[in-house]
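Here is how the chains run, residue by residue.
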Amino acid sequence: KAGVTQTPRYLIKTRGQQVTLSCSPISGHRSVSWYQQTPGQGLQFLFEYFSETQRNKGNFPGRFSGRQFSNSRSEMNVSTLELGDSALYLCASSLGVGSNQPQHFGDGTRLSIL
Amino acid sequence: AQSVTQLGSHVSVSEGALVLLRCNYSSSVPPYLFWYVQYPNQGLQLLLKYTSAATLVKGINGFEAEFKKSETSFHLTKPSAHMSDAAEYFCAVGSNTGKLIFGQGTTLQVKP
Chain F
1 KAGVTQTPRY
11 LIKTRGQQVT
21 LSCSPISGHR
31 SVSWYQQTPG
41 QGLQFLFEYF
51 SETQRNKGNF
61 PGRFSGRQFS
71 NSRSEMNVST
81 LELGDSALYL
91 CASSLGVGSN
101 QPQHFGDGTR
111 LSIL
Chain D
1001 AQSVTQLGSH
1011 VSVSEGALVL
1021 LRCNYSSSVP
1031 PYLFWYVQYP
1041 NQGLQLLLKY
1051 TSAATLVKGI
1061 NGFEAEFKKS
1071 ETSFHLTKPS
1081 AHMSDAAEYF
1091 CAVGSNTGKL
1101 IFGQGTTLQV
1111 KP
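In order, the protein sequences belong to chains F and D. Each residue of the first sequence is one higher than the last, beginning at 1 in the working numbering. Each residue of the second sequence is one higher than the last, beginning at 1001 in the working numbering.
This is chain D alone, in the form it adopts within the complex (with noise of 0.2 Å):
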C-alpha cells in the first residue's frame, strides 16, 4: 500500500529564510509525487510534480522538489521565504489506481 507522511504539522519561518517542508513516501512501485498549496477557502493549487524525468523538480512560486530514493523522501524547499507563501502544503503520492494519496498537511507561517 502507497502512503505519505509529512513530519511537521506546523512549520513557521521568518520571511526570507529558507522554506524546508518534509514528506516521506511509502511506495512498492516507482511513484509519482506530487506538491499542492492550499490557501484559505480556496482548493488546492498543484505546486510541483515529479513523474521521474528528473530527481529535481522545479515549480511555480520559486518552490522545488527533490526526488531521494534511497531516503524515500521529497521534500519540498524554497530558499527565501515571503509572507505570500503561508498557507497549507500538502504532499501526495499518485496511487496505482490513479487516485491520489494525501499526507496530513504542513501549515507554513511566515513571520515578518
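Looking at chain F on its own, in the form it has when it is part of the complex (with noise of 0.2 Å):
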C-alpha cells in the first residue's frame, strides 16, 4: 500500500509569494492533517480535513488555508510569504477522526523563503 505523498519535495521562493503544497493520502484515508515543523517552535498543527470539510484549525494566521478534495486529496496554500515561513511542512492521513487514529506522514515539503 502506497504512503502519504507529498510533492514537492523541496521548493525555494521569495518574500510576498504565495504557494501551494499538495498530500495524497493513503488510499482509503479520509482525515487529512498538516503540520509545520520548525527547529524552534517544533511540530505544530495547521489544520484538519476531513470529508471535504475543516474540521479543526490551528493557531496560524489566515494567509495559511487548505482545502480537501472529494478523492481526499488535500492542498495547503500560504500567501504573502514571510522569512519565518520556512519550514518542513508535514502532511498526515488517517482513516477517520478521532483521538485514538494514529496519524501516517509523508516525507514532508520543505520550503525555503529567500
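These are calculated hints, taken from the structure and not from any lab test. It should be emphasised that the depicted structure is a prediction, and the values quoted were computed from it without experimental measurement. Careful: at least some of the hints might be erroneous.
[Stated by the list, open to error] Example chain D residues on the side facing chain F (calculated, C-beta under 10 Å, incomplete):
#1 1003
#2 1024
#3 1026
#4 1028
#5 1031
#6 1032
#7 1046
#8 1049
#9 1095
#10 1097
#11 1100
#12 1101
#13 1108
[Said to hold, decoys possible] Computed Cβ-Cβ distance ranges for the label pairs, DEER-style:
#14 D:1055 to F:30: 29 to 35 Å
#15 F:79 to D:1014: 46 to 52 Å
#16 D:1107 to F:84: 33 to 39 Å
#17 D:1054 to F:63: 41 to 47 Å
Where a beta carbon is used, it is the ideal one built from N, C-alpha and C, also for glycine.
Dock chain to chain to rebuild the complex, using the hints, since each chain is given by itself in its own frame.
What follows is the structure, given as C-alpha cells:
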C-alpha cells in the first residue's frame, strides 16, 4: 500500500509570493492533517480536513489555508510568504477522525523563503 | 488542555546499551498516546500507540513503551541500541479534537 505522498519535496520562494503544497493520503484514508515543523517551535498543527470539510484549525494566520477534494487529496496554500514561513510542512492521513486514530505522515515539503 | 513533555532534548547511548526516552503527558481525559521516529530528511514514522488496551505496548524495531497512569508517563525503551536507531523521537497525545499534540522531541545518538 502506498504511503502518504507530498509534492513537491523542496521549494524555494521569495517573500511576498504564494505557494501551494499537495498531499495524497493513503488509499482509503479520509482524514488529512497538516503540521508545520521548525527548529524553534517544533511540530505545530495547522488544520485537519475530513470529507472535504475543515474540522480543526490551529493557531496560524489567515494566510495559511487549505482544502480537501472528493478523492481525499488535500492542498495547503500560503499567501504573502514571510521569512518565518520557512519550515518543513508535513501532511498526515488517518482512516477517520478521533484522538485514537494513528496518523501516518508523508516525507514533507521543505519550504525555504529567501 | 493536553500537553506532552519530553525530558531531555538529547540522549546519547552506546551501541548495545538500554535506550530510555522519557515522556510525560497532561490530559483531563483518558489519553491516546503515540511515539513517532523521524530520520533525517524524512517524515514521522509511527513506532507504537497506546489506546488503553494494554499498559505495555510493543512497537516496531524492538521498541516498547509502558503507560503509567499514576506517573502520567509513557516512556519509550529498547533493550539494546543499534546504530540505526539514531534519529529524533517524538511523543504525542491525541487531543479531544483529534489533532496530535507533540513534545519537543528527543534526539537519540548511538555511539559505536
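Quick rundown of the hints versus the structure:
1. 1003: violated (12 Å)
2. 1024: violated (16 Å)
3. 1026: violated (14 Å)
4. 1028: With a minimum Cβ separation of about 12 Å from chain F (threshold 10 Å), the hint on residue 1028 (chain D) is violated.
5. 1031: holds (8 Å)
6. 1032: holds (4 Å)
7. 1046: Where the cut-off is 10 Å and the nearest Cβ of chain F is about 5 Å from residue 1046 (chain D), the hint holds.
8. 1049: holds (5 Å)
9. 1095: holds (6 Å)
10. 1097: Holds, about 5 Å.
11. 1100: Since the shortest Cβ distance to chain F is 6 Å, the answer is holds.
12. 1101: Hint holds; residue 1101 (chain D) Cβ to chain F Cβ min 8 Å, cut 10 Å.
13. 1108: violated (16 Å)
14. D:1055 to F:30: 29 to 35 Å: Roughly 31 Å apart at Cβ, these two residues keep to the hinted range, so it holds.
15. F:79 to D:1014: 46 to 52 Å: holds (49 Å)
16. D:1107 to F:84: 33 to 39 Å: violated (23 Å)
17. D:1054 to F:63: 41 to 47 Å: holds (44 Å)
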